[in-house]
Amino acid sequence: MSDNNILEIKNVSKIFHTPDKDVEAIKKVDLTVKEGEFISIIGASGCGKTTLLRLIAGLEKNYGGDILLDGKRVEKAGLDRGVIFQDHRLLPWLTVEDNLTLGLDGSKEELRELVNTYLKKVDLENFEKVYPGQLSGGMAQRVSIARALMRHPRILLLDEPLGALDALTKMNMQTEIGKIWEEEKTTMIMVTHDIDEAIFLGDKVVVMRPRPAEVDQVIEIEIPRPRLRSGEDFAYYRNLIINYFNHSILDYVI
Amino acid sequence: MATKEKTGIVEKILRCGIISWIIFFTLWAFAAFNYDEIFLPSPIETWKALVKVISDGTLGADIIASLGRIGKGWGLAILTAIPIGLLTGHFKCVRWLVEPLLNLLRFIPAIALTSMFLIWFGVDDKSKVALILYAAFFPILVNTIAGVVTTDKSLVEAASCMGAGRIRVFFTVIVPSSVPNIFTGVRLGLSSSIICVIAAEMLVGGDGLGYLIQSSRMYYKTSWAFAGIITLALIGFIADRLLSFVGKKLLKHFGVK
Ligand SMILES: Nc1ncnc2c1ncn2[C@@H]1O[C@H](COP(=O)(O)OP(=O)(O)OP(=O)(O)O)[C@@H](O)[C@H]1O
Ligand SMILES: [Mg+2]
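Just so you know, the protein sequences line up as chains A and B, in that order.
Just so you know, we're using our numbering here: the first sequence kicks off at 1 and counts up by one.
Just so you know, we're using our numbering here: the second sequence kicks off at 1 and counts up by one.
No wet-lab data here; the hints were simulated from the structure.
Misleading hints may appear alongside valid ones.
[Said to hold, decoys possible] Dumping the calculated EDC-like pairs for lysine to aspartate or glutamate here, alpha-carbon to alpha-carbon at most 16 Å:
{"hint": "1", "chain 1": "A", "residue 1": "LYS108", "chain 2": "A", "residue 2": "ASP123"}
{"hint": "2", "chain 1": "A", "residue 1": "LYS61", "chain 2": "B", "residue 2": "GLU157"}
{"hint": "3", "chain 1": "A", "residue 1": "LYS185", "chain 2": "A", "residue 2": "ASP203"}
{"hint": "4", "chain 1": "A", "residue 1": "LYS10", "chain 2": "A", "residue 2": "ASP203"}
{"hint": "5", "chain 1": "A", "residue 1": "LYS129", "chain 2": "A", "residue 2": "ASP98"}
{"hint": "6", "chain 1": "A", "residue 1": "LYS10", "chain 2": "A", "residue 2": "GLU214"}
{"hint": "7", "chain 1": "A", "residue 1": "LYS120", "chain 2": "A", "residue 2": "ASP87"}
{"hint": "8", "chain 1": "B", "residue 1": "LYS153", "chain 2": "A", "residue 2": "ASP87"}
{"hint": "9", "chain 1": "A", "residue 1": "LYS76", "chain 2": "B", "residue 2": "GLU157"}
{"hint": "10", "chain 1": "B", "residue 1": "LYS221", "chain 2": "B", "residue 2": "GLU45"}
{"hint": "11", "chain 1": "B", "residue 1": "LYS153", "chain 2": "A", "residue 2": "ASP216"}
{"hint": "12", "chain 1": "A", "residue 1": "LYS121", "chain 2": "A", "residue 2": "ASP87"}
With the sequences and hints as input, model every part of the structure.
Right, dumping it as structure tokens:
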């Protein structure tokens, strides 16, 4: 294992056995993630992005190859990996505070302190007694980000975390996630369908291709931070990726 | 503006059901006009009987007797069916044990068991309470199992990702998410209890609303029987409304509607 690689994905494959047929969700994926890196993953629908994240999270059993987290093969879910799903998945019958502290040990005061700190981070001070049903989509997703961060994961896995939000909220949240990433120095892997989002946040953009589901390209984004979506270098990467997709779409049609 | 308000009032009157009741009572009155009180008492005769049984205390005593039995039988059904349902829904091995029995037994109506229960539990209250327990048990059990089985897997997954262990997941995700189904079961259990208590009291005798209805018929006081039947309908209606109101208030966050 090399010095600062936190995650090594080697020759990983995953087949789902369904009653009528076997689905090869991932054929062969290789990817190395360095400690503290922000990785964006993009790719056509159904090319196995969610499956890859779920494998890293330990939510899918029985895969081929190796996923090594700090050198240990991932076999099941654990608190060293935080997951943020596209839907917030907060429990509707618990207050924000109880959702945040679910499964955590500690005294009441410690937990309250922790809740306050992290709600502040996601700009939701004084919302601890509110129920998820009373929050907007963006607010609920921020709570779920706080929930994952509070557990200090080594890696945070985000599966289209902003996919369900409107354009304006989405831009604000991208900035917020970027800020949190810089503050917490957590390694993050984010799946997205939004090319701008991938470039805005990623140190690397991993492009996956379907049939066979593989990593096609890893593009290093060398834009200094804080990044501007309107910059020239931003446009360069955007065109690069758009062109890539235009070509590959033609490939797949033929 | 004015016409709008008018249609609003008309709609309100129609929707509150009063028209239906006026039609119902008119038809009833007309039908009863041609018959003897013993064959079919009129609304007014029924009303008089109702006032009589209320003022001499018969009705009150019978209501209390019936409600007491419902409370015991239904309460016991809630206390037993919910835990068994939760375990059955959650653990496959328990389901394999319980479901074969459940799928057959729940089609045996309580009334069919009355004479057996009389032998087993005696002629007093015990056999009636046992019958109610039996009648309310299955709707609660079946719905509780359905609630557990239909728990949103993604919530279970999220909670375990956040560090909640199996027991914590059971009590903070699976049980709460089953609450709307359990509540439906409890409501259905209550109507089963009411139906069953009347049948039991009619067949076994003693006291209670069922006995009032049955004995009045036997002494040709049909209007008294009608008074009992109307009381029964009202009790069922009020109990269900009350339960659903309390459910909405207390269990709002669990998604009870
Ligand atoms: N539990 C499962 N059982 C069977 N097949 C599955 C399962 N999960 C995913 N698949 C299949 O695996 C393939 C990859 O799915 P996956 O959800 O990983 O794609 P994705 O890249 O995340 O797509 P999207 O961008 O639409 O979210 C799809 O063909 C999908 O139908
Ligand atoms: Mg996906």
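Next on the checklist: Could you work out which of the previously given hints the structure breaks and list their numbers from low to high?
Outcome noted: Violated: hints 1, 4, 7, 11, 12.
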